[in-house]
Each structure stands twice: as C-alpha cells, then as structure tokens.
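Student: These are the residues of each chain, in order.
Number of protein chains: 2
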Amino acid sequence: MKITFLQVGKTHFDFVESGVAVFEKRLKHYCRFDAPFILLPSKLKSLPADELKEAESAMILKKINPQDIVILLDEKGSRFTSVAFANFLQKQFLHHSHLVFIVGGAFGFHKSIYERANHQLSLSDMTFSHQLIRLVFMEQLYRAFTIIKGEPYHNE
Amino acid sequence: MKITFLQVGKTHFDFVESGVAVFEKRLKHYCRFDAPFILLPSKLKSLPADELKEAESAMILKKINPQDIVILLDEKGSRFTSVAFANFLQKQFLHHSHLVFIVGGAFGFHKSIYERANHQLSLSDMTFSHQLIRLVFMEQLYRAFTIIKGEPYHNE
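If you read the sequences in order, they're chains A and B. Position 49, counted from 1, in the first sequence is what our numbering calls 52; the numbers after and before it change by one each time, with no gaps. Position 42, counted from 1, in the second sequence is what our numbering calls 45; the numbers after and before it change by one each time, with no gaps.
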C-alpha cells in the first residue's frame with residue numbers, strides 16, 4: 004500500500020513545508036508514502052505557460068507507472084466529505100497498490116495529465132492556492148487513515 | 004473597516020502560527036485586523052465539556068459589542084466559493100464596520116454563541132481540524148481582499 008504525492012513546483016512558504024512534514028511523519032505509520040517534487044530546469048521557466056505545462060507534464064508522466072491510480076487535486080474535481088474520502092481510499096486499496104495524487108503548479112495541468120488521470124478530487128468550493136492545498140491535502144490524507152483505522156484524530 | 008478573528012484555545016502547531024502570521028501581515032494592508040485568543044484559565048480546563056464551552060462562551064461574548072457582526076466558522080454553516088465570500092464581505096462592510104469571525108475550540112461552540120451569531124460559514128465539505136482551519140480561513144480572507152481590490156493573488 005503506497006501513496007505518492009507529486010508536487011509540481013517547489014514549496015514557497017516555510018510554514019507549508021513544516022506542516023507537510025508534520026503530516027508526512029504521521030502518514031508513515033499507515034502506508035508507504037513519498038512526496039517528490041516536479042521541478043523544471045530553470046532554463047525552461049521562461050517558456051510560455053502552455054509549453055511550460057507540457058514540459059511539466061512529460062516529467063510527471065515519467066514518474067507514473069501504467070498500473071498506478073492517478074488522482075488529480077483539481078478545482079473541477081469531485082468533492083468529498085472526509086468520511087467519503089476515507090471510503091474512497093479504502094476502496095482504491097482493495098484493487099490497487101499504488102495511488103499517485105498530484106497537485107499542479109501555478110498554471111494548472113496540461114491536457115495529457117487530465118487524460119491519464121483516473122480521478123479528480125476537489126477539496127473545497129473555495130479556491131486554495133496551489134501552495135496551501137498541499138497542506139490541506141496532507142491533513143485530509145492523515146485524517147482519512149485515522150477514520151479508516153477508527154483512531155481518534157491526533158490534534159496536538 | 005475592522006475584522007477580528009477570535010480563536011478559542013491556543014494554536015498547537017508552529018506551522019499554523021507562522022502561516023497565520025504571514026496572512027495577518029498581508030491583511031493589514033486592507034483593513035484593521037486583530038486575532039486574539041480566548042484562553043481559559045487552567046483551573047477551568049478540567050471542567051466537563053459542556054461547562055467548559057459555557058465558560059468559553061462567556062469570555063467570547065465579553066469581546067463582542069452589540070453592533071458587531073458575528074460570523075462563526077462552523078461545519079454546519081453556508082459554503083461559499085472564494086468569489087462569493089469576497090462579495091459577502093464587501094456587502095457586510097456597506098452597513099457594518101466591525102466583523103468578528105470566530106473559530107471554536109476542540110469541543111465546538113456553546114449554544115449562546117450560536118444564538119448571538121449573525122452568520123455561519125463553512126470552508127469545505129471536508130472536516131478540517133480546528134487548528135488548520137485558522138490557516139485556511141486566513142488565506143481565504145486575504146484572497147477575498149485581493150478579489151475585492153482586483154489585485155493579483157500574491158503567491159510567493
């Protein structure tokens with residue numbers, strides 16, 4: 004049971020990085036987990052937005068295996084309650100061993116990523132920055148495992 | 004134009020505190036803003052949950068003036084998109100000069116707070132911890148002002 008959380012672009016805020024680390028440490032009690040970054044070489048950063056997304060897309064797709072289940076964090080995705088999200092996770096792991104969640108960069112996803120994706124998930128009606136979403140998602144993932152295991156949520 | 008963000012109970016995570024501080028600094032460009040804590044004296048902390056909420060409630064109500072508009076962050080509240088929330092804020096400030104947002108503690112709000120509240124706001128279908136919600140709310144408040152002013156969202 005493995006979860007990969009692919010993050011497009013680096014984390015700008017120290018508090019997001021620290022928060023993600025807090026939940027990453029906790030998640031490792033429940034599953035194999037990693038959270039790699041997709042970082043474009045600086046020489047490509049001046050590309051027009053669409054070419055930039057295409058270059059990112061190629062890097063993302065290289066990290067994904069054919070049998071992986073790919074879930075995009077995307078405003079247009081389905082919305083879940085925390086309990087429904089826990090059920091979704093549990094159901095996925097009945098049939099699949101590796102889930103790859105992806106949070107996009109400032110410009111969103113290239114169409115090839117939408118084509119590869121198995122699911123799209125939205126965390127709120129509200130728009131969160133692609134930075135804060137990392138933290139919010141990590142908390143929900145941790146919360147989902149506490150729900151699955153019937154454990155009290157660890158809040159301190 | 005003043006916004007008060009009342010936080011019941013202290014912030015346990017350093018990353019939440021740092022993140023709130025980032026957005027607090029930015030918010031001060033747009034309005035008068037403060038974010039005081041409601042902290043029960045330690046001798047009261049062993050009270051049963053309901054008495055504890057009542058004691059908190061008395062402390063909260065002391066901070067609120069009759070003409071203030073009180074908005075609870077509560078799972079059962081209305082959900083807004085970020086743009087709808089910006090519109091809501093703008094509309095409130097047409098008629099009122101002081102909005103008080105309140106995030107509850109681990110046990111939620113006492114009924115007297117629900118009775119005093121003018122509005123209830125929910126940030127997501129998902130349940131966030133009463134800790135992370137502080138950060139998510141602060142980002143939405145900052146985002147709302149950038150929407151109202153037609154400014155680009157400052158992400159770095």
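Think of the hints as simulated: they come from the structure by calculation, not from any bench. There's no promise every hint is true.
Claimed, not checked - In silico BS3-like cross-links for lysine-lysine, where the CA-CA straight-line distance does not exceed 27 Å:
1) B:K114 / A:K152
2) B:K13 / A:K28
3) B:K114 / B:K152
4) A:K46 / A:K5
5) A:K46 / A:K94
6) B:K114 / B:K28
7) A:K5 / A:K48
8) B:K48 / B:K5
9) B:K13 / A:K13
10) A:K48 / A:K152
11) A:K13 / A:K94
12) A:K48 / A:K28
13) B:K152 / A:K79
14) B:K46 / A:K79
15) B:K94 / B:K13
Student: Flag every earlier hint the structure violates by its number, smallest first.
Tutor: 1, 3, 4, 5, 6, 7, 8, 9, 10, 11, 12, 14 and 15
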